[in-house]
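Novice: Could you build all of it, start to finish, from the sequences and the hints given here?
Below, each chain spelled out in residue letters.
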Amino acid sequence: GENVEQHPSTLSVQEGDSAVIKCTYSDSASNYFPWYKQELGKGPQLIIDIRSNVGEKKDQRIAVTLNKTAKHFSLHITETQPEDSAVYFCAAEPTNTGNQFYFGTGTSLTVIP
Amino acid sequence: GAVVSQHPSRVICKSGTSVKIECRSLDFQATTMFWYRQFPKQSLMLMATSNEGSKATYEQGVEKDKFLINHASLTLSTLTVTSAHPEDSSFYICSARDWRGSQEQYFGPGTRLTVT
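If you read the sequences in order, they're chains A and B.
Per this note's numbering, numbering through the first sequence is continuous, rising by one, with the last residue being 358.
Per this note's numbering, numbering through the second sequence is continuous, rising by one, with the last residue being 761.
Zero decoy hints are in this set.
Pairs of lysine-lysine residues, derived as DSS-like cross-links and limited to a Cα-Cα distance of at most 30 Å, are as follows:
1. Lys282(A) / Lys665(B)
2. Lys282(A) / Lys686(B)
3. Lys686(B) / Lys316(A)
4. Lys700(B) / Lys287(A)
5. Lys665(B) / Lys686(B)
6. Lys302(A) / Lys686(B)
7. Lys287(A) / Lys709(B)
8. Lys287(A) / Lys302(A)
9. Lys282(A) / Lys313(A)
10. Lys302(A) / Lys282(A)
11. Lys686(B) / Lys267(A)
12. Lys287(A) / Lys686(B)
13. Lys316(A) / Lys303(A)
14. Lys303(A) / Lys267(A)
15. Lys267(A) / Lys313(A)
16. Lys659(B) / Lys287(A)
17. Lys700(B) / Lys665(B)
18. Lys665(B) / Lys287(A)
19. Lys287(A) / Lys711(B)
20. Lys665(B) / Lys711(B)
21. Lys267(A) / Lys302(A)
22. Lys686(B) / Lys709(B)
23. Lys302(A) / Lys316(A)
24. Lys302(A) / Lys313(A)
25. Lys686(B) / Lys303(A)
Note that these hints are calculated values from the structure, not bench results.
Specialist: Shown next, in the form of C-alpha cells:
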C-alpha cells in the first residue's frame, strides 16, 4: 500500500521567512495530493492541493510543487505570519484504493514573531 | 462552501456507556464519509469508510461491533462508540467527500471523547 513520509516533524521560522515542508510517497498510482492545516483542538483544513497532471500550484502565499518522477511533493509558505503556526499534514490518494487518503506524520510549524 | 459539522464537540461519559457522534455535510451531499481517530501529536488514523446506504468498511484492527457507523443519508453519518472504555478516549474526526466526484475531503471540527 501507499506510504507517505513527511519532513521535518518540527519547524521554527522567523516571521516573514519562508517555510518548506516535504513529503514523499511510494505508490505511483497516487494522483491527488492535498495539504491540510490543523490548529490545536480543531479539525484539519484543506489549504491547497495538486493533481498529478500539474507540477506546481500557487494560492497567494502558499504553493505546492510535485515531482512525479521522484515521488515527492512540497508545501511552500512565503512571508510567514504567526497565524501560520499549526500542524501541517500532507496526504496522497492512490487511484485504486477506494478514495482513501494516506497521511504523512505531520509537521508542527512555529512562526516566531 | 464545503462545511462539515460534528456534534458534540466534546463529550464525557462513564465506562460502559455508549456515545453517538454525528457528522453532517452542511452545504453539499456526501456519498462517502470517513471516520478518523487522532491521538495527541499524532497523525490521523483512518477507522472506517462509510458509503451512503451501505455497510461501512472498517480498517484492520478496528472493531466494527464497538465502533458502529451508520450513513443513512447523503448528509449524515454517525459513529457510535459502544461500551466505552477509558482507552477509547480520543479525538474523533469525520470527513466527507462531495458526491459530484471531486477528490477533496472536507473535515469536521472533531469530537473530543473522554471516558471516565
